[in-house]
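Trainee: Single-letter residue listing:
There are 2 protein chains.
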Amino acid sequence: MSRTPKFGPAPDPALLDPMERASLDELRAVQLERLKATLRRVWDNVPYYRSKFEAHGVHPDDLKSLADLAKLPFTEKKDLKEDLRKHPPLGSNLIVPLSKITRFASTSGTTGTPYYHAVTAQDYRMWLETTARCFYGAGFTPGRDIGIYVGAMANMFAVGIYMSGTLEYMGIPAFLPGVEAGSERTLRLIHDQGIITALYGFPNYVHYLGSQSEKVLGIPASRLGIRKIAVGGEPGVRTMREALQSTWGAKAYESMGISEVGMMFSECSEQNGMHWIAQEFILPEIIQPETAEVLPLEKGVEGELVVTSLSKEANPLIRYRTK
Amino acid sequence: MSRTPKFGPAPDPALLDPMERASLDELRAVQLERLKATLRRVWDNVPYYRSKFEAHGVHPDDLKSLADLAKLPFTEKKDLKEDLRKHPPLGSNLIVPLSKITRFASTSGTTGTPYYHAVTAQDYRMWLETTARCFYGAGFTPGRDIGIYVGAMANMFAVGIYMSGTLEYMGIPAFLPGVEAGSERTLRLIHDQGIITALYGFPNYVHYLGSQSEKVLGIPASRLGIRKIAVGGEPGVRTMREALQSTWGAKAYESMGISEVGMMFSECSEQNGMHWIAQEFILPEIIQPETAEVLPLEKGVEGELVVTSLSKEANPLIRYRTK
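Keeping their order, the protein sequence lines are chains A and B. Per our numbering, residue 1 is the first one in the first sequence, and the count goes up by one each step. Per our numbering, residue 1 is the first one in the second sequence, and the count goes up by one each step.
Here chain A stands alone, though its shape is the one from the complex (with noise of 0.2 Å):
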């Protein structure tokens, strides 16, 4: 991943943080370090990841290396919420004392019950981190840019939480209206402050908001000033670029997330295709999904998404199936 902006001089290579610079080799070290700290402690603690590790014969010493994670059994979402039930309201996989509780987040809850989990500040740094590294790919860049956060803020939405808190946490000064604020109050936001040069929001709902400009303002959007773009949350970016482009005279940048695991992928300066950028916090997998045969992370690979979570405290995942 390239943290170099399209629209001016490159940002100080103090920004990266020293885990984006690591050797394969020192990277290999820090996540088996981290991924044995993680199974001694869901063995410990969490009685639903035990009592599935001894019917599946493993035990935390058995892993030696990080190829040893393929003979962990599998987590699905069935689980997760089958653990809620038995033991509500939060699940045994929480692990850590109120104490360490900053706040809980949700997923969407569109689609049935929301689920809610417990956040701590260092998960709460996780986001925090993986999302700045999506946002420097679409070169965001403190000191330069200003920023305006257009997803969905109300409704507990861990990911609105995160995205607005992140500008924050990179010292990008920012404008939180969120989808809730209507197409109209935005628009006007962005052109009465005529400052705002760095978007985020959903795909669909950044490519309305830009539509709208000429019928609320009298003018394309795109000589409203916004000159970067980053989408994710929904499927289909690649198709929407030129749209999203033109409409906004900006460059557009991918990326991508999960709400109970963390932001994992972003595309950078050079729009092809998302890099893996939770390198330290999250340990992908590429399964075949019918046989859970592990590929081989090569490439052309398609499969499956298979995650483990690394440095998560409040709700640890152990090859956690994405689909």
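Hints listed in this document are in silico derivations from the structure and should not be mistaken for laboratory results. Check before you lean on any hint, since a few could be wrong.
[Said to hold, decoys possible] Keeping only pairs whose Cα atoms sit at most 20 Å apart, straight-line, the calculated EDC-like set for lysine to aspartate or glutamate is:
{"#": "1", "chain 1": "A", "residue 1": "Lys71", "chain 2": "A", "residue 2": "Asp44"}
{"#": "2", "chain 1": "A", "residue 1": "Lys71", "chain 2": "A", "residue 2": "Glu304"}
{"#": "3", "chain 1": "A", "residue 1": "Lys36", "chain 2": "A", "residue 2": "Glu285"}
{"#": "4", "chain 1": "A", "residue 1": "Lys78", "chain 2": "A", "residue 2": "Glu290"}
{"#": "5", "chain 1": "B", "residue 1": "Lys81", "chain 2": "A", "residue 2": "Asp192"}
{"#": "6", "chain 1": "B", "residue 1": "Lys215", "chain 2": "B", "residue 2": "Asp192"}
{"#": "7", "chain 1": "A", "residue 1": "Lys100", "chain 2": "B", "residue 2": "Glu168"}
{"#": "8", "chain 1": "B", "residue 1": "Lys36", "chain 2": "B", "residue 2": "Asp25"}
{"#": "9", "chain 1": "B", "residue 1": "Lys64", "chain 2": "B", "residue 2": "Glu33"}
{"#": "10", "chain 1": "B", "residue 1": "Lys100", "chain 2": "A", "residue 2": "Glu168"}
{"#": "11", "chain 1": "B", "residue 1": "Lys323", "chain 2": "B", "residue 2": "Glu302"}
{"#": "12", "chain 1": "A", "residue 1": "Lys78", "chain 2": "A", "residue 2": "Glu304"}
{"#": "13", "chain 1": "A", "residue 1": "Lys86", "chain 2": "B", "residue 2": "Asp192"}
{"#": "14", "chain 1": "A", "residue 1": "Lys299", "chain 2": "A", "residue 2": "Glu285"}
{"#": "15", "chain 1": "A", "residue 1": "Lys81", "chain 2": "B", "residue 2": "Asp192"}
{"#": "16", "chain 1": "A", "residue 1": "Lys78", "chain 2": "B", "residue 2": "Asp192"}
{"#": "17", "chain 1": "B", "residue 1": "Lys52", "chain 2": "B", "residue 2": "Glu82"}
{"#": "18", "chain 1": "A", "residue 1": "Lys77", "chain 2": "A", "residue 2": "Glu304"}
{"#": "19", "chain 1": "A", "residue 1": "Lys215", "chain 2": "A", "residue 2": "Glu184"}
{"#": "20", "chain 1": "B", "residue 1": "Lys78", "chain 2": "A", "residue 2": "Asp192"}
{"#": "21", "chain 1": "A", "residue 1": "Lys52", "chain 2": "A", "residue 2": "Glu82"}
{"#": "22", "chain 1": "B", "residue 1": "Lys86", "chain 2": "A", "residue 2": "Asp192"}
{"#": "23", "chain 1": "A", "residue 1": "Lys81", "chain 2": "A", "residue 2": "Glu260"}
{"#": "24", "chain 1": "A", "residue 1": "Lys36", "chain 2": "A", "residue 2": "Asp25"}
[Unchecked claim] Stretch-level coverage of chain A by chain B, calculated; a stretch enters the list once three of its residues show a Cβ under 8 Å from a Cβ in chain B:
{"#": "25", "region": "93-107"}
{"#": "26", "region": "139-153"}
{"#": "27", "region": "165-178"}
{"#": "28", "region": "193-206"}
Values in this document were obtained by computation on a predicted structure and should not be read as measured data. The beta carbon of each residue, even a glycine, is placed where N, CA and C say it ideally should be.
Based on these hints, arrange chain B on the given structure of chain A.
Mentor: Frame of chain A; chain B shown alone:
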């Protein structure tokens, strides 16, 4: 103000900010020092204030004591709006570089155009600390309470951002559905989680929310476990207190602030009128509204509140009339 909660042992006195334990002499010294620095800053940096001071024949050096504040001219909301019109987008009163700004907040905008103002990290911290004093006044206690925020989250409404951030600042785990989640989802959340004890919102909505419990959950709100309610943002709390308390089976406490200034007043466990809780951040005066005569700050005095900011970085306010 007492932080002795009504439902358990007293919290650690270390929770009190040193300025809350300062003697009146110590406090007056801090106020005078900060006032002098504020006047010097606006004289040097804000043409609006400088020309107004000059027209009034006063100079920052004329201020020798807190009583000399009365020599300075008033600021009215229409003055700020006029300055914003002349110096778009953020007014001549911004006086910090954009790099110091963390976010932009807004008045609610329910009457007319919303008024955006900038917030630095220091300004935000002032909001968190004064709001925390209101919540402590209502007995919210880190390590014992779990909070829920049911006021406005969206639309950059400043107080929504501050109120929800304050629970994190205090170390109280927080659910943040906001008023936008709607009464049914919020009541189910409180019921299903079963661990939430402290609630903040606007009094009319908090009362409405409680009144819907029988219909939504089949049980009265008084059985939901909420024990402490802090309300503000709307007048008339005193006449609603009994209704709030009997509906929720909880103690209800009033607090008050202004979005462009800060939180200023809060009740304590005695529920017998509000205390001034912004002592080192905001300097209050009471004036006779027609003659603008400064009235003595004595028990029973009535008039218009005039405030001067003592630590505000981005938009200092000098003798700001609040009516």
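Trainee: The structure should be examined with respect to each hint, and the outcome stated for every one.
Mentor: Hints, verified against the model:
1. A:Lys71 with A:Asp44: holds (18 Å)
2. A:Lys71 with A:Glu304: holds (17 Å)
3. A:Lys36 with A:Glu285: holds (17 Å)
4. A:Lys78 with A:Glu290: Given that 20 Å is the threshold and the Cα spacing comes to 17 Å, the pair holds.
5. B:Lys81 with A:Asp192: holds (14 Å)
6. B:Lys215 with B:Asp192: holds (16 Å)
7. A:Lys100 with B:Glu168: holds (11 Å)
8. B:Lys36 with B:Asp25: Roughly 17 Å separates the two Cα atoms, so the pair holds.
9. B:Lys64 with B:Glu33: holds (10 Å)
10. B:Lys100 with A:Glu168: Cα-Cα ~10 Å, so holds.
11. B:Lys323 with B:Glu302: This hinted pair holds, its Cα atoms lying about 13 Å apart.
12. A:Lys78 with A:Glu304: Judged against 20 Å, a Cα distance of about 16 Å means the pair holds.
13. A:Lys86 with B:Asp192: holds (13 Å)
14. A:Lys299 with A:Glu285: holds (13 Å)
15. A:Lys81 with B:Asp192: Holds, because 14 Å separates the two Cα atoms, which is no more than 20 Å.
16. A:Lys78 with B:Asp192: holds (19 Å)
17. B:Lys52 with B:Glu82: At roughly 14 Å apart (the allowed maximum being 20 Å), Glu82 (chain B) and Lys52 (chain B) satisfy the hint.
18. A:Lys77 with A:Glu304: holds (14 Å)
19. A:Lys215 with A:Glu184: The given pair, whose Cα atoms are some 9 Å apart, holds under the 20 Å limit.
20. B:Lys78 with A:Asp192: It holds: about 19 Å lies between the C-alpha atoms, which stays within 20 Å.
21. A:Lys52 with A:Glu82: holds (13 Å)
22. B:Lys86 with A:Asp192: holds (13 Å)
23. A:Lys81 with A:Glu260: Holds, at roughly 12 Å.
24. A:Lys36 with A:Asp25: holds (17 Å)
25. 93-107: holds (count 6)
26. 139-153: Holds, because 4 residues of the region 139-153 of chain A bring their Cβ atoms closer than 8 Å to Cβ atoms of chain B.
27. 165-178: holds (count 9)
28. 193-206: holds (count 3)
This entry satisfies every hint, going by the numbered hints stated previously.
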